[in-house]
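Enquirer: Residue numbers (the numbering used here), protein chains in the order written: chain P, 1 to 330; chain F, 1 to 621.
Some hints could be false.
[Claimed, not checked] Restricting the straight-line Cα-Cα distance to at most 30 Å, the calculated cross-link-like pairs of lysine-lysine (DSBU-like) are:
#  : chain 1 : residue 1 : chain 2 : residue 2
1  : P       : Lys236    : F       : Lys172
2  : F       : Lys152    : F       : Lys225
3  : F       : Lys102    : F       : Lys172
4  : F       : Lys171    : F       : Lys583
5  : P       : Lys236    : F       : Lys152
6  : P       : Lys236    : F       : Lys225
7  : F       : Lys583    : P       : Lys236
8  : F       : Lys320    : F       : Lys418
9  : F       : Lys96     : F       : Lys274
10 : F       : Lys309    : F       : Lys295
11 : F       : Lys423    : F       : Lys309
12 : F       : Lys320    : F       : Lys171
13 : F       : Lys423    : F       : Lys387
14 : F       : Lys38     : P       : Lys50
15 : F       : Lys387    : F       : Lys490
16 : P       : Lys236    : F       : Lys378
17 : F       : Lys274    : F       : Lys583
18 : F       : Lys171    : F       : Lys96
These are computed hints drawn from the structure, not numbers from a lab. All values reported here derive from a predicted model rather than from experimental measurement.
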Amino acid sequence: MTDSQRPDEPDPTPAASTVEEAYSVEKQIDLSQKSYSQGQLVVRRFFRHKGAMVSLFVLVFITVMAFTSIGYGIIPNWWGKTFYDAGATVDGGRPTLQLWPFQIGEHPFGQDTIGKDYFALTMRGTQRSLIVAFTVGLLSTVIGTVIGAVAGFYRGWVEAILMRVTDLFIIIPLLVLAAVVGKMAEGIWWLALMLSLLTWTGLARLVRGEVLSLREREFVTAAEAIGTGPGRIIFKHILPNTIGTIIVSATLAIAATILLESALSFLGYGVQAPDTSLGLLISTYQNAFLTRPWLFWWPGLMILAIALSVNFLGDGLRDAFDPRQNRTAD
Amino acid sequence: MTTTTQSDSGQPVYTGSGTPTGDEEVVLGFSDVDVRFKTEFGSVHAVKGVDLKVRPGEVVALVGESGSGKSVTSMTAMRLLPRNATIGGQVDVAGKEVGRLKESSMRRLRGNDVAMVFQEPMTALNPVLTVGTQMVESMELHGVARGASAWKRAIELLGMVGIPEPERQMKKYPHELSGGQRQRVVIAIAISCDPKVIIADEPTTALDVTVQADILDLLRSLKDKLNTGILLITHNMGVVADMADRVAVMFKGEIVERGTVEEVLLHPNHDYTKMLLGSVPRMGHGRGQMGISVKEEVDADAPLAIELKNLVIEYQRLGKTPFRAVDDVSFDVRQGEIVGLVGESGSGKSTIGRCALGLIPAASGEFQLLGQNITGMKRGDLKPLRKRIGVIFQDPAASLNPRLPIGECIAEPLVVHKVGDRKSRQQKVYELLDAVQLPREVYNRYPHEVSGGQRQRISVARALTLDPELLVADEPTSALDVSVQARVLKIFSDLQEQFGFACLFISHDLAVIDLLAHKVVVLQNGRVVEAGPRQQIMENPQEDYTQRLIAAAPVPDPLEQGRRRRERHELLLEQGEEIVELKVDGEEFHQSSQAAVVDTGDTKDTKDTEDVDGTDGRASR
């Protein structure tokens, strides 16, 4: 390219009719060019993040497989076996899944001690774990955001009370409290609700910090000066500007909840038999690790895959929302 | 600096606008410097082949608006550009080629040969170290002096730049000093190693106008007495006229015009320079500049939009007596009148503006806003009043919500006050966009997609959405480039003429006030110093402070500015104030710097120009 063809050359364009226009430092608003909102820019950056894209694919694949294979509610199943029907144990319950030559076989993940299909069991566990994780991710994010935003915006005694309550929740050992309420709670939705009520604290503090700095910005003052009420200022002007923090925190909360639910079920406080979850499966078959290792590995791998991909997603989202952080010099 | 040299025949020869000839000593030379930045959206060509030379004892001003590449050019001399920069061309500092130096030699070069004075002294100094520690550190690092002798030298240097009681100030932290004193400390650190050239990047932009004049006096005495070369980077044509010997005007990475200060400022050739100079409002020229006109006569018995009676505003402080930001202030603004509220930082002018918006309560006194007393008014009662007031803030980047499309931003007051339906609101926004000369298509764009001046025009549009009777404008053009400021001011004055709103125009820029205001109120430390009609205050100020304030504002004309400077010095002497200058002789200073070096038995390493493979032309840290 020759110098004169460079797109960034100063160009006292013939189109500019006056000297002011030719030498203006203001951007010419290029109306022909597509406009990108901040949201669209974020999406663009996110789709360029390879790790996040692979993770998104893995997560969607696992979710679709978990909910369609053995069915859920009105979703029909295509696997044909259930997680509660026992059958005859074939070949000591060894997995029939083979990579070379490739075959799926009757029981790809094997069978447990009483002959239940282990693929169906793992899928059921994955369903439960995903339900708990995403419910908690959503609920605790909403609770944390609202409490943090209200505390940060109003300051004074409102903030004092809300943040002391937050501190109170933080100092109680999560696992112990979760174990107690988990024992009282009946069913998976109660468990999710209880966990949500315990895990909003981190986000509340993050959001409060962001709101504290945002409320001093001039556009908030400007909104206040034209008579905007506090509710509209918080939800229309402040919170949209913290969306990056909130989304990233939510994904991390999901990953943490997968592990928390597994830990609880492993300890026997989470999902109760005959229903199952990934943590419960591991707990039940921990003694079979040496004799029938697949009973341990399949749910373990599932936990690993879900937690890892959600974490990578959070990573990609954080980079997408905050491109200045962690930029590589290439 | 002369612009001529003697040729063989004895006739003076014009050497192309005072550019140094081949055999003259050059302390800072840029030849064909070219800088590109790699970014997410491709490469940005920031500097495109800049040639510039600075001789000892000469001030060269690099002038340009934001994005012209002037700061980037200067940073190449310090090799302080970020890693994504690619640098071409050659930069010489005191005879050494910067691109070929090793990192260790480069560190020696910074400070010893070239020093920097930054824009914001508060951020240039480390807030957790005392002034003394920071001064001694720079001397010890460069082997100029050590320990007790460095401490002694630091005290001397502080004395030289005119800081009173230097021994006491040495133990203070930067936040305990005023802005002007902080900048003096930065200058003292800069000269502590007796550099051959100083790069001053907007050294006075963050300072008040009287302090700016003092700092410029100090910098001027630096080059006169120490024979230091100064590369002055600025956007302020007044500062250029006051300081520079030669000027280079930059536009989008290229120097479009260069010459002596008289040539460039009085007889500009390039269209860009002409336009730039045409957009600077000049002190003492009053009305009618830049095609801006204001309706002169205000109805003498028009109702009062603002009436202040003995207003006091206090900020509560924990465990201390409240800070009185505004003390016993009284003035009024009539409908259709523009009142300029002038003062330096800390004068309480913005506090009054915020009180008018109902954002801060008054401690005592009376604040009548559109006929209602707002002191002690409840939030709910304020809302209908707020509908009748518009507001423009200083920084358009901060005062627009980055997540709201421009159209929604402008329509926001309509939504908040539940005026009209969706369709009529959109129509109103289109009308306002037309009024501020923006294309209607920006409705769905976001604030980050348009530049500063356009954003400020959006702010103006938003302020006018509800056809306010009163507009509070808090430094509406201070953050803008001059050419952009001219356009915003023009739009503003046109709209004021059209809508006839009253305006409280808060500014530190007297030239802008002179251009627009009907009445001027001068504030100092929360009190009114002087108030009256514009002509009376601007042309015949009575109070010492007002006189100093007006005398300190620089004009972009080197001859006129020279005269104004002398007049200001006379005024200062008359009022018993001090004229700032370096309190030491040049010879004495160079000797004492040398003596300090000998004291410590350290010698400057002169072998600085080793070739290093792979580092030339690349920025590295």
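Enquirer: Does each hint fit the structure? Answer for all of them.
Expert: Here's how the hints hold up against the structure:
1. P/Lys236 x F/Lys172: Given that 30 Å is the threshold and the Cα spacing comes to 44 Å, the pair is violated.
2. F/Lys152 x F/Lys225: Within the cut-off at roughly 21 Å; holds.
3. F/Lys102 x F/Lys172: violated, 36 Å
4. F/Lys171 x F/Lys583: Since the Cα atoms of F/Lys171 and F/Lys583 sit roughly 22 Å apart, the hinted pair holds (cutoff 30 Å).
5. P/Lys236 x F/Lys152: violated, 58 Å
6. P/Lys236 x F/Lys225: violated, 59 Å
7. F/Lys583 x P/Lys236: violated, 57 Å
8. F/Lys320 x F/Lys418: Since the Cα atoms of F/Lys320 and F/Lys418 sit roughly 43 Å apart, the hinted pair is violated (cutoff 30 Å).
9. F/Lys96 x F/Lys274: Since the Cα atoms of F/Lys96 and F/Lys274 sit roughly 36 Å apart, the hinted pair is violated (cutoff 30 Å).
10. F/Lys309 x F/Lys295: Measuring from Cα to Cα gives roughly 27 Å; hence the hint holds.
11. F/Lys423 x F/Lys309: Not OK: F/Lys423 and F/Lys309 at ~43 Å, beyond 30 Å, violated.
12. F/Lys320 x F/Lys171: holds, 24 Å
13. F/Lys423 x F/Lys387: Between F/Lys423 and F/Lys387 the Cα gap is close to 20 Å, so the pair holds against 30 Å.
14. F/Lys38 x P/Lys50: With a Cα-Cα distance of about 21 Å, the restraint between F/Lys38 and P/Lys50 holds, given a limit of 30 Å.
15. F/Lys387 x F/Lys490: Status holds; Cα separation ~25 Å.
16. P/Lys236 x F/Lys378: holds, 24 Å
17. F/Lys274 x F/Lys583: violated, 39 Å
18. F/Lys171 x F/Lys96: Given that 30 Å is the threshold and the Cα spacing comes to 37 Å, the pair is violated.
Of the numbered hints stated above, those contradicted by the structure are hints 1, 3, 5, 6, 7, 8, 9, 11, 17 and 18, listed in ascending order.
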